[in-house]
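Undergrad: Single-letter residue listing:
Number of protein chains: 2
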Amino acid sequence: METLFFAAPVAGLIALIFAYYLVTKINKVDPGNEKMREIASAIHEGAMAFLNREYKVLVVFIIILAAIIAITGFVTEGEESMQPTTAVAFVIGAICSILAGNFGMRVATKANVRTANAAAQKGMNKALEVAFSGGAVMGMSVVGLGLLGLGIVIFLFPGQSSVINGFALGASSVALFGRVGGGIYTKAADVGADLVGKVEAGIPEDDPRNPAVIADNVGDNVGDVAGMGSDLFESYVGSIIAALALGAALGIGSNGEGVLAPILIAAAGIIASIIGMFFVRTPEGGNPAKALNTGTLVASVLAIVGTYIVCTFVLPDTFTVTSFGVEATYTNMGVFLASIAGLIAGFLIGKITEYYTSADFQPVKDIAKSCETGTATNIISGIATGMLSTMLPIIVIAVGILVAYYFGGLYGIAMSAIGMLSTTGIIVAVDAYGPVSDNAGGIAEMSHLDPKVRKITDTLDSVGNTTAAIGKGFAIGSAALTALALFTAFSQAVKLEAINILDPKVVVGLFIGGMLPFLFCALTMNAVGRAAGHMIDEVRRQFREITGLMEGNAKPDYARCVDISTGAALKEMIIPSLIAVVVPVTVGLLPGLGKEALGGMLAGTLVSGFLLAIMMANAGGAWDNAKKYIESGHYGGKGSEAHAAAVNGDTVGDPFKDTSGPSLNILIKLMTVISLVFAPLFI
Amino acid sequence: METLFFAAPVAGLIALIFAYYLVTKINKVDPGNEKMREIASAIHEGAMAFLNREYKVLVVFIIILAAIIAITGFVTEGEESMQPTTAVAFVIGAICSILAGNFGMRVATKANVRTANAAAQKGMNKALEVAFSGGAVMGMSVVGLGLLGLGIVIFLFPGQSSVINGFALGASSVALFGRVGGGIYTKAADVGADLVGKVEAGIPEDDPRNPAVIADNVGDNVGDVAGMGSDLFESYVGSIIAALALGAALGIGSNGEGVLAPILIAAAGIIASIIGMFFVRTPEGGNPAKALNTGTLVASVLAIVGTYIVCTFVLPDTFTVTSFGVEATYTNMGVFLASIAGLIAGFLIGKITEYYTSADFQPVKDIAKSCETGTATNIISGIATGMLSTMLPIIVIAVGILVAYYFGGLYGIAMSAIGMLSTTGIIVAVDAYGPVSDNAGGIAEMSHLDPKVRKITDTLDSVGNTTAAIGKGFAIGSAALTALALFTAFSQAVKLEAINILDPKVVVGLFIGGMLPFLFCALTMNAVGRAAGHMIDEVRRQFREITGLMEGNAKPDYARCVDISTGAALKEMIIPSLIAVVVPVTVGLLPGLGKEALGGMLAGTLVSGFLLAIMMANAGGAWDNAKKYIESGHYGGKGSEAHAAAVNGDTVGDPFKDTSGPSLNILIKLMTVISLVFAPLFI
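Protein sequences, first through last, are from chains V and Z.
All residue numbers for the first sequence refer to the numbering used here, where the first residue is 87 and numbers rise by one.
All residue numbers for the second sequence refer to the numbering used here, where the first residue is 87 and numbers rise by one.
Don't read these hints as lab results, they were simulated from the structure.
Treat the hints with care, since some could be wrong.
Identical chains share a label here; the pair holds if one copy fits it or two copies do between them.
[What the hints assert, rightly or not] Restricting the straight-line Cα-Cα distance to at most 20 Å, the calculated cross-link-like pairs of lysine to any residue (SDA-like) are:
| hint | residue 1 | residue 2 |
| --- | --- | --- |
| 1 | Lys451 | Asn612 |
| 2 | Lys714 | Gly339 |
| 3 | Lys451 | His729 |
| 4 | Lys455 | Asp623 |
| 5 | Lys376 | Lys437 |
| 6 | Lys451 | Gly723 |
| 7 | Lys212 | Gly634 |
| 8 | Lys455 | Ile622 |
| 9 | Lys451 | Ser718 |
| 10 | Lys581 | Ala334 |
| 11 | Lys451 | Gly619 |
| 12 | Lys451 | Glu124 |
Given these sequences and hints, build the entire structure.
TA: Structural data, given as C-alpha cells:
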C-alpha cells in the first residue's frame, strides 16, 4: 500500500515531462518577423521583470514567515506543538508555486507571438494548437509541481502530518502576491492605456503608439496567467491537503487508505487531463469553443472513471467515523458520489457564470439595454445582476455540501473539493489559453499583420473571454469548497468539537470575518485607482514630451510604463496582504477572542468573501460583454450614447472582475491555511 | 412589584398625550396662502392614498398570516406548542405600527406647509420648532404605541410569554411593507422626476410644472417618515421583547425583575425624550444642528440616569445564569454598563456614518475629486468608500457585544440593545424632522415664496441631511443588536444549546442566509429601476400631450404620477416580502436542514445584511453629498464635467441609500422574528 504514495511524485513528474514536451513543440513554431519578435520580447521581458521584482518582495516575506514558523516550532513544546520542519515545507510550497508561475508565464509569453504567426501562416487550427499548448504548460506546471512538491514533503517528513500544512501556506502566500499584485498590475495598465489612449488620444486598442500598450499586454500575462495559475495551485494543493488531514484525523482505513485516496485521485486527474488535451483540436473553420469543451469533457469523464477505480479498490468498503458525538458509517461508493458532487458543482457554477456574463443570454442583454438611459442605470443594472447572480451558485454549493456530507461525512466534503479540482490541469490550460490568444491579437495589431490574422485571434480571444469567465466561477467555487475543507481540518487541529454561533465571541468573529472581504475589496479597488492615476500621468507625459509620437515617427518609452505598473502593484499589495496574514493570528491569540472567535471569523470571511467575489466577478464580466454587445451594433453601436454608458460600466467592472473579486479567492483560503498552520498556538 | 408593569402602558399614554399636545400646537400654526394649502393638500392626499392602498395589501397579508399562526397554534399540542393567541398579539402589533405610521405621517404632511409659512412669517426659530414638532409626533407615536401595545398584550395574556413574540412579528410585517414599499415609492418618484424634469426638460428641482413633483414630495413622507418610523418601531419593540424573553428564560430575579427592568428603562427613555425635546430651540440666526444635538444629548443623559436607577433599585444586586454549560454571576451594575455600551455604540455608529457621508470630511471630498476623471472613477471611489466604511461600525458593534456580554452575559446583550434604543422617541423626531423641512422647501418653491424662505428651509434641510444619515446608521446598528438579541431568544425558544458552524447543515444555512441580502438588494434595485421607468414614460407623456405645460399655462396631472408610484411600489414589494417570510419557515421545516440550518441562516443574514446595509447607505449618502459639494462650487461647480459625473453617482446612490440598504434592516429583524414566532414548529 505504502508504495502507492509514490503515485504523487510520479504523476507530478509525468505532468512536468508532458509540459516539457509541449514546450519543445511550441519552440519549434516560427516566432514570425523581426517586428513581431521585438514586440513579443518586450512583453516577455516586462512580464519576467515583474516576476523578478515580485520575487524580491516574496523572498523577504517568505524568510520572515519561515523564521516565525521555525521559531514558534522550537519555542513551543509537547506533542501538540508546531514542528519547526513546517517552515521547510512552507518554503518548498512557495518555491513550487513560484516555479509553476514562472514556467507557465515564460512559455505563455513565447506562445503568444507564435500563435499570431501560426494564425498568419497556417490558419485557425494551428493557432489554436499553439495557444492551447501555451496554456497547457501552465496547467501541467500547476498540477505537476503541486503533486511533486506534496510528494517530496510527504517523503521528507514521514509521520509529521501537520508539517504538510506548511506546504499549503507556501502556496497560499505566493498566490496572495500573485493574485493581488497581478490584479493591480493588469488593471492599472489597462485603465491607464484605455483612458489616455482610446479616450483622450483617440487611437485604437493595442496601438503601438500608446506608451502603456506593452504594460497592458504584460498585465494579461501577469494577472490572467500567473495570478490565476497561483490561485488554482493554491486550491489544488489546499484541497488535497485538507483531504489528507481529514483522512488521517478521522482514521479512515486501517492502513492510511483515507490519506492515500486523495493522492491517487489527483494523480488519475493528471493523466485524465493529459489525455483530454489531445482532444482539443478543430478542423479549419471549426469552432474552437467546441474543441475546448470536448477536451474538458473527455478529461472529466476519465477523471470520474479514475475516481471510481480508486474508491473501489483503495478505500475500505465501509468505514465508521464519529463527528459531533454521533457515530456514522459511510461506504466507499458514498465517497465516490461525494467526489462527483464536487465535480458537478464546479461544472454548474461555471455554466451559471456563463449565463450571467455572456451576451448570448438575457442578463447581459438587459444590462446593454439599460445603457440606453445612461451610465447610472447601467451601473445599477450591473450591480443588481451581480448580486442576483450569487443565488444559484450558493444553492449549488449548498446542495453540493449537503450531498457530499450525506454520502461521505466530513471526509466527503473534502473529497468533493478533490473531485472539483481533479481536472485542474486542463481547466488551467483552457483558462490560460485566453490571455495567450489575447496577446497574440495585440501582437498582430502592433506589428501590422494582415487583418485576417486579427480575425482569427479575435475568434480565439472571444472564446477565451467565455472560458475566462467560467474559469473565474470555477476558481471561486473551488476556493469555497477548499476553504471549507481546510476549515474542517482547522477545527480538528485546534480540537474544537463545536464553534457555537450562540457564543458572542463567535458572533463577533463572524462579524469581523464578514467585514474583511469588504475591507479587502475597498483597499484593492483604491489601489487600482491610485496605480492607474500614476499610469495616466506617465502616458500623458509621453504624448506631451516625446515629439513625433502621435505621428508614429518616435517610439514611446514602453519600459517606463511597465516599470510604473510593476512598482505600483508591488507597493499596493503589501497592506492587503498583511491584513490577510496578521488578522487571523491576532484574533486567535487575543485573550478575549481566541480560537472560537477565529473559527467564527473564518466562516464569516468564507461566506461574505464567496458572495462578494461572485458578485464582483459577474458584474464585471457582464458589463464587459454588454459593452461588446453594443459594439457589435446594438443600441446604436460604437460611438453612441449607449456605448459611452457601457464603457463607463466596463471601466467600473475592470477592478471588480480582475482585481478585487479574484483576490477574495485567496483571502478566504489563505486565512484558513494560516489558521491551520498556527493552530497549535490557539489550543 | 407587579404594579410596576403598569409603567409600560402609562409611559406609552404619556407619549401619546404629548404627541396630541404637539399636534394641537402644530394645528394652531397658519398653513399659509391658498396656493401653499393647495400644494400641501395634494402631498397630504397623495401620502394618505398610498397608505390606504398599502393597508389593503397589508390587511390581506395580516389576515393570512394571523390565520396560519392561529391554525398552527390550534393544531400543535403540548406545553411547547404555539399559542393561538399569538395571532391576536400579532394583529395588535401590526395595528399599533400602522397607527404610529398613520399618525406620524398625517401630522408630518400638515407640519411641512406650516414650516414653510413659519419660515416666511416668523423666521428660522419658529420654522425649526414646527418642523421638529412634526417629527416629534412621529417619534412619540412610535414609542407611545410601542409601549402601550406591549403593555396591553402583557395584560391580556399573562403568563403566556411566547405570545408577545406575535406583537414583534406584527411590527415587523408592517415595517417590511413600509420600508420596502416606501423605499421603492420614493426612489421611483425621485428618479423619474429628476431624469425627465431636471435632465431632459431642464427645469429646476421642485418646479410645479413637473408632473412628478408631488409624487416626489409624497415619497419623502412615505419613505423617510413612515418607512423609517416603522423600521424603528420594529427595532424598539423587538429589543424590548428580546430582553423580556431572555429575562424570563434565564430566570433573572425571583420576582420577574429581569422582565420588568427593560420595560422600566423604556418608560424612563420616553420621559427622557420628552424632556430632551424642550431643549430643541435656537435663537434667531442660531444653528439648528446645535439645537438638535443639545436635545438628543439631554435625552441621552437623562436616559442613562433612568437606566442607572432602574438597574440599582429593580434588578437584584447579583444574579447567576448558566449559558453554554457554564455558570456565571453578574451584577446589576454590570447590566447597567452593558446598557450604556449599547447607547455608546449607537452614538459612535452615527458619528462614523457622519464621517463617511458628510462633505466636511475627507472621504466625500475624495469622491468629489474622483468626479474630475469621470463617472467610472466616481462610482469606483464611492463603492470603495462604502465598503471601507463597514470596518469601524463592525468594530464598534463587536466591542459593544463583547463588553455587554462580559458585564451582563446574554441578558447584557439584550440590554445593550435596550440602551441603544431607549431614546428612540427623540431619535425618530430628529430623523423625521428632515423630510418635513425638505417638504417645506418644496412647497416654498412650488408656491413661489420669497427666496429667503427657501434659504431658511434649505438650512433646515441640510441639517436634516446629516441627521438622516446619522439616523440611518443608528437604524442599522439598532437592527443588528436587536436581531442578535432576538436570535438569542430564538435559540432559547427552539432549545438549541449550540449552533455549530462545523456542522455542514449550519454552514449551508450560513451560505444561504448570507446570500439573501444580496438577493433582496438585487430585487429592490431592479424594482426601483422598473418603477422609475414607468414614471419616466408618464412624465414624458404629460410633457408631450398636455399643451401649455412647459409654459406654465396648464396644470400637470399630479395624481396620475402619484398613482403610478403607488401602484408600482405595492406591486414590486410583494416578492421581496414573501422571500423574507417564506424562506426562514421553509428552511426550518425542511427535513435535511431544520433548526440548526435556520440558526446558521439567521446569523448569515445578520452579518451580510448588516455589512451590505452600511455599505449601500454610506456609499449613497457619500455620493449625494459629493454632488452637493461640487454644486457648492468645487471642481467646476454646477454644469461642469465633474458635476455630470457626480449626478450619475447620486442617481446610483438613490436606490442604494433609500431603498435597498434600509430594507435590509427589516430583513434581518423580520427573519429572526418569524423564526422566533414559529419556533415551536422547529423543535
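Undergrad: Now look at each hint and say whether the structure bears it out.
TA: Each hint, compared with the structure:
For the identical chains of this complex, Lys451 and Asn612 are inter-copy neighbours only, at 15 Å across copies versus 29 Å inside a copy, given an alpha-carbon limit of 20 Å. For a Cα distance limit of 20 Å, the shortest separation of Lys714 from Gly339 qualifies neither inside one copy, at 54 Å, nor across copies, at 68 Å. Taking the shortest Cα distances, Lys451 and His729 sit within 20 Å of each other inside one copy (13 Å), while across copies they are farther apart (29 Å). Taking CA atoms no more than 20 Å apart as the test, Lys455 paired with Asp623 passes between copies only; the shortest distance there is 16 Å, against 34 Å inside one copy.
Taking the shortest alpha-carbon separations for Lys376 and Lys437, only the intra-copy value of 15 Å comes in at or below 20 Å, while the best inter-copy value is 57 Å. Taking the shortest Cα distances, Lys451 and Gly723 sit within 20 Å of each other inside one copy (13 Å), while across copies they are farther apart (35 Å). Taking the shortest alpha-carbon separations for Lys212 and Gly634, neither the intra-copy value of 38 Å nor the inter-copy value of 69 Å comes in at or below 20 Å. Within a single copy, Lys455 and Ile622 get their C-alpha atoms only as close as 31 Å, which misses the 20 Å cut-off; across copies the closest is 16 Å, which meets it.
Proximity of Lys451 to Ser718 under the C-alpha cut-off of 20 Å is restricted to the intra-copy arrangement: shortest distance 12 Å within a copy versus 38 Å between copies. In this homomeric assembly, Lys581 and Ala334 come within 20 Å of each other (Cα to Cα) only inside a single copy, at 14 Å, whereas the closest approach across copies is 34 Å. Taking identical chains as interchangeable, the C-alpha atoms of Lys451 and Gly619 lie at most 20 Å apart only when they sit on different chains, with a minimum of 17 Å there against 32 Å within one chain. Within a single copy, Lys451 and Glu124 get their C-alpha atoms no closer than 40 Å, and across copies no closer than 45 Å, so neither meets the 20 Å cut-off.
In summary, the structure is inconsistent with hints 2, 7 and 12 from the numbered list given earlier, while agreeing with the others.
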